[in-house]
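Whenever a hint applies, use it, and build me the whole structure from the sequences.
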Amino acid sequence: MGLGFVNHYKSKGKLFELSDGNYKTELHHPCISRNVGMLLQQYKCFGSSAASLIQRNPLFSSLDSKDVSYFKEILGEKNVVEDKERLETANTDWMHKYKGSSKLMLLPKNTQEVSQILEYCDSRRLAVVPQGGNTGLVGGSVPVFDEVIVNVGLMNKILSFDEVSGVLVCEAGCILENLATFLDTKGFIMPLDLGAKGSCHIGGNVSTNAGGLRLIRYGSLHGTVLGLEAVTANGNVLDMLGTLRKDNTGYDLKHLFIGSEGSLGIVTKVSILTQPKLSSVNLAFIACKDYLSCQKLLVEAKRNLGEILSAFEFLDNNSMDLVLNHLDGVRNPVSSSENFYILIETTGSDETNDREKLEAFLLKSLEKGLVSDGVIAQDINQASSFWRIREGITEALQKAGAVYKYDLSLPVEEIYNIVNDLRGRLGDLANVMGYGHLGDGNLHLNISAAEYNDKLLGLIEPYVYEWTSKHRGSISAEHGLGVMKANEIFYSKSPETVALMASIKKLLDPKGILNPYKVLPHSLFSN
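Residue numbers (our numbering): 523 to 1049.
Calculated directly from the structure, the hints in this document are not laboratory data. Don't take every hint at face value.
To be verified - Here are the computed lysine-lysine pairs in the BS3-like style, where the Cα-Cα straight-line distance is at most 25 Å:
#1 Lys588 <-> Lys619
#2 Lys619 <-> Lys1028
#3 Lys977 <-> Lys927
#4 Lys600 <-> Lys621
#5 Lys879 <-> Lys890
#6 Lys890 <-> Lys818
#7 Lys886 <-> Lys824
#8 Lys594 <-> Lys679
#9 Lys1015 <-> Lys1027
#10 Lys992 <-> Lys1015
#11 Lys768 <-> Lys799
#12 Lys600 <-> Lys679
#13 Lys600 <-> Lys631
#14 Lys606 <-> Lys588
#15 Lys1015 <-> Lys1033
#16 Lys619 <-> Lys890
#17 Lys879 <-> Lys818
#18 Lys594 <-> Lys631
#19 Lys992 <-> Lys977
#20 Lys679 <-> Lys708
#21 Lys811 <-> Lys890
Spelled out as structure tokens, the structure:
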């Protein structure tokens, strides 16, 4: 597959062969033209497990007592963490799948301290991993080896809020739920909502371009983040903290940092456009007999609910059973057990009209045979119980044992085909389930098993990535690449594109200290 790929691009004249058998791109800028032989070699083995290929970059320095003393000087002793128990937590990801061996966590209180930390680390070539709430699912927010952890949790101030424009400016360490609570008192809401909202930080949300439940209504963070402040590897502070919705002065560089997973700089402040809180919120929990009905229901919802449609989530019966079996106090809201369940949320300003509109839509869908059963929440408590099912799947998966998680975007008509295909492939070895944001084509594919083992992983990967690439999907819809998928980027991006990404990384972080081994193939930065 890799050879065919290389020959394809050679024939198009986009790569040419060097005397040593490597390849070089025909990009005519000194920061871009580069040997990409290692990149292509990585492409040839991109089905391999990332963890099994990674070696610590020998060019990185190791922490010593002088480093620790310097950090204590600028941060104070209490904000330089060497305690083993606290480091154990900071070194381990949320799913307990990835674990680093960092001996130091730094807790800066402001942008200036972040700048001092990075300037020093860059001069010493000490690798750094930025960390927020550590709720990521691809190993992006924990060390791979002994990287210094820079946690921005103390940078949690709301700096300003304009009630006319709805623009909120805050520090990166603000917890998403705390921002939502603050905005609620002002009559506004955040444009994103996540299951991990009680722990995740807005800086991490921006750095991973988190999607969530409201994307169908308000779009991605590339549209709602108006500005940000970031610190690059050498300590330079980039003030891009604009609050304007229109600004066509040159390159809009904030987009480089949205979704870059801390590999280009540490986001320290964010300016985000929030939305007025509308008085009418309705939520329906619906049962469907098959996936085709779910697709048709989505089309009908867009046509009939229009501007008030704010969420369209789905889960399959395996996901429902998992939640019912592992979470206390949860029950199926509908009387009949079906193959699929849909949550439809509407948000508007006319309670009577909006509810009647949703009721009429459900009745019409029942008559068409798209829905077999359904119920509309009568109050906020019942609505919360509906959301508990959808948002509790990750928690239930943790309790069930080992879990292999894949965050894919696919054409809506293809989403459940991969679930069925994988069930046939794995048989009784694992429980395969699918759920996610059907409204924007995002599938959370989960494989639950008693324990992690190489045989099962070998059946899952690279099959999932190959299937997704074949059907013109993305191997990461919203979780990012982290360490889990850094070497799999070629399933979604061409070598030329990855080479250009690498040149941007080299430009902003020449020594490669920021979140190494993540996002891009690590072999590109080992020398």
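Now for the hints, and whether the structure bears them out:
| no. | hint | verdict |
| --- | --- | --- |
| 1 | Lys588 <-> Lys619 | 32 Å, violated |
| 2 | Lys619 <-> Lys1028 | 29 Å, violated |
| 3 | Lys977 <-> Lys927 | 16 Å, holds |
| 4 | Lys600 <-> Lys621 | 24 Å, holds |
| 5 | Lys879 <-> Lys890 | 17 Å, holds |
| 6 | Lys890 <-> Lys818 | 10 Å, holds |
| 7 | Lys886 <-> Lys824 | 14 Å, holds |
| 8 | Lys594 <-> Lys679 | 23 Å, holds |
| 9 | Lys1015 <-> Lys1027 | 16 Å, holds |
| 10 | Lys992 <-> Lys1015 | 13 Å, holds |
| 11 | Lys768 <-> Lys799 | 23 Å, holds |
| 12 | Lys600 <-> Lys679 | 20 Å, holds |
| 13 | Lys600 <-> Lys631 | 12 Å, holds |
| 14 | Lys606 <-> Lys588 | 20 Å, holds |
| 15 | Lys1015 <-> Lys1033 | 24 Å, holds |
| 16 | Lys619 <-> Lys890 | 45 Å, violated |
| 17 | Lys879 <-> Lys818 | 18 Å, holds |
| 18 | Lys594 <-> Lys631 | 13 Å, holds |
| 19 | Lys992 <-> Lys977 | 23 Å, holds |
| 20 | Lys679 <-> Lys708 | 17 Å, holds |
| 21 | Lys811 <-> Lys890 | 13 Å, holds |
Hint compliance for this structure: hints 1, 2 and 16 are not met, and every other hint is.
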